[in-house]
Amino acid sequence: MASITIRGVKKNYAKTQVVHGVDLDFASGEFVVILGPSGCGKSTLLRMIAGLEDISGGTIAIDGTVVNKLEPRERGCAMVFQNYALYPHMSVAQNIGYSLKVAGVPSAERTQRIQAVARTLELEHLLDRKPMALSGGQRQRVAMGRAMIREPKVFLFDEPLSNLDAKLRVQMRSEIRKLHRRLNATSVFVTHDQVEAMTLADRLVVMNGGRVEQVGTPGEIYTRPASRFVATFVGAPAMNILEGTVELDGLSLLGGSRRLAMTRAGLPVGTKVAMGIRPEAVRLVAPNTAGALNATVDLVEELGAGRVIYVDLDGAPFSVMTSEAIHAEPGSPVGLKFSPQDMHFFSSETGSRLDVFKASVPEPAL
1 MASITIRGVK
11 KNYAKTQVVH
21 GVDLDFASGE
31 FVVILGPSGC
41 GKSTLLRMIA
51 GLEDISGGTI
61 AIDGTVVNKL
71 EPRERGCAMV
81 FQNYALYPHM
91 SVAQNIGYSL
101 KVAGVPSAER
111 TQRIQAVART
121 LELEHLLDRK
131 PMALSGGQRQ
141 RVAMGRAMIR
151 EPKVFLFDEP
161 LSNLDAKLRV
171 QMRSEIRKLH
181 RRLNATSVFV
191 THDQVEAMTL
201 ADRLVVMNGG
211 RVEQVGTPGE
221 IYTRPASRFV
231 ATFVGAPAMN
241 ILEGTVELDG
251 LSLLGGSRRL
261 AMTRAGLPVG
271 TKVAMGIRPE
281 AVRLVAPNTA
291 GALNATVDLV
301 EELGAGRVIY
311 VDLDGAPFSV
321 MTSEAIHAEP
331 GSPVGLKFSP
341 QDMHFFSSET
351 GSRLDVFKAS
361 VPEPAL
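Residues 1 to 366, numbered by the UniProt record's numbering, are exactly what the sequence shown covers, in order.
These aren't lab readings, by the way, just hints derived from the structure by calculation.
Treat each hint with caution, since some may be false.
Computed Cβ-Cβ distance ranges for the label pairs, DEER-style [claimed, not checked]: (1) ASP355 / ASN288: 27 to 35 Å; (2) ASP54 / MET90: 24 to 32 Å; (3) ASP355 / SER135: 44 to 52 Å.
Derived DSS-like pairs: lysine-lysine, alpha-carbon spacing no greater than 30 Å straight-line [said to hold, decoys possible]: (4) LYS153 / LYS130; (5) LYS101 / LYS178; (6) LYS101 / LYS69; (7) LYS178 / LYS153; (8) LYS167 / LYS130; (9) LYS101 / LYS10; (10) LYS69 / LYS167; (11) LYS101 / LYS167; (12) LYS167 / LYS178; (13) LYS153 / LYS10; (14) LYS15 / LYS69; (15) LYS337 / LYS272; (16) LYS130 / LYS178; (17) LYS101 / LYS130.
Where a beta carbon is used, it is the ideal one built from N, C-alpha and C, also for glycine.
Can you build the whole structure from these sequences, using the hints too?
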């Protein structure tokens, strides 16, 4: 186990900066997931920790030792990649033990450690097979075994589940989490998949445009997103966002066509804000219900255990997630009702979270 300290880390390609002064602390034994869209710098940051990319500025320390100038093999990290990177002509046992062979570990010790790793990953019955004879999930376990056998201080996972089908991804998420609990090793996992991130992480790091948007537990990030980007990136369907303008006694929404009566605190009249509400926090009610916003049903997606209902709110898309057996036909009118306590507010200018509206506000008004 080892802690990781990242201070002011930057990465430039020629004159283009892709990682902008990142500061992070990962505790020993922690499972941290770095989440973000393609091109946000998450894999670049992981590769800088591993030593596969040079650092343009700042420092990275593993277990208190600055590793900027150390070779990858000297950092005590093991990396698991998206594409497995197995040798096709070698057996499972040979793939797992290859790094030990290169390091000159005696054959007897090598065999013992291969067997121990295979037991942990339930690969004992596959040790003589070649990668071609394995399923995607089995290949990924072999790749993990090859990392484990080195007994690293830190495990680094670069989108390791992206090539698996949906069922295998669920299975491998569970296996990775169980393995982490068993080994209690510091792990950094990069993904663009929010389900992977929410289910695996002790803490989440959300990145966007080479910068850290928010760090927190999955629950903290979901319930109190620090920015509009985090609010709309984490959660499926995405958080509903309605543009508004602060008035004396509330908010004007959708260019003045709708209005929320609220008690403001500290925002000047005329300030542009964005109001957000999670789809599962919205209730469908009869049209023209007191305190509800009227809308028209666009589309209904059946999910088995529930359904997502997409509606049109004066030209603005809006979604509702419910487990109730509600019959809603496209084109039919509905009412939308939600509690003020479930609303989130963000600056239209900066996208940052605003905690300036009092919680004791009335229900939304037409």
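Evaluation of the provided hints:
| no. | hint | verdict |
| --- | --- | --- |
| 1 | ASP355 / ASN288: 27 to 35 Å | 32 Å, holds |
| 2 | ASP54 / MET90: 24 to 32 Å | 31 Å, holds |
| 3 | ASP355 / SER135: 44 to 52 Å | 48 Å, holds |
| 4 | LYS153 / LYS130 | 29 Å, holds |
| 5 | LYS101 / LYS178 | 28 Å, holds |
| 6 | LYS101 / LYS69 | 26 Å, holds |
| 7 | LYS178 / LYS153 | 18 Å, holds |
| 8 | LYS167 / LYS130 | 23 Å, holds |
| 9 | LYS101 / LYS10 | 36 Å, violated |
| 10 | LYS69 / LYS167 | 41 Å, violated |
| 11 | LYS101 / LYS167 | 35 Å, violated |
| 12 | LYS167 / LYS178 | 17 Å, holds |
| 13 | LYS153 / LYS10 | 24 Å, holds |
| 14 | LYS15 / LYS69 | 22 Å, holds |
| 15 | LYS337 / LYS272 | 23 Å, holds |
| 16 | LYS130 / LYS178 | 26 Å, holds |
| 17 | LYS101 / LYS130 | 18 Å, holds |
Checked against the numbered hints listed earlier, the structure breaks hints 9, 10, 11; every other hint is satisfied.
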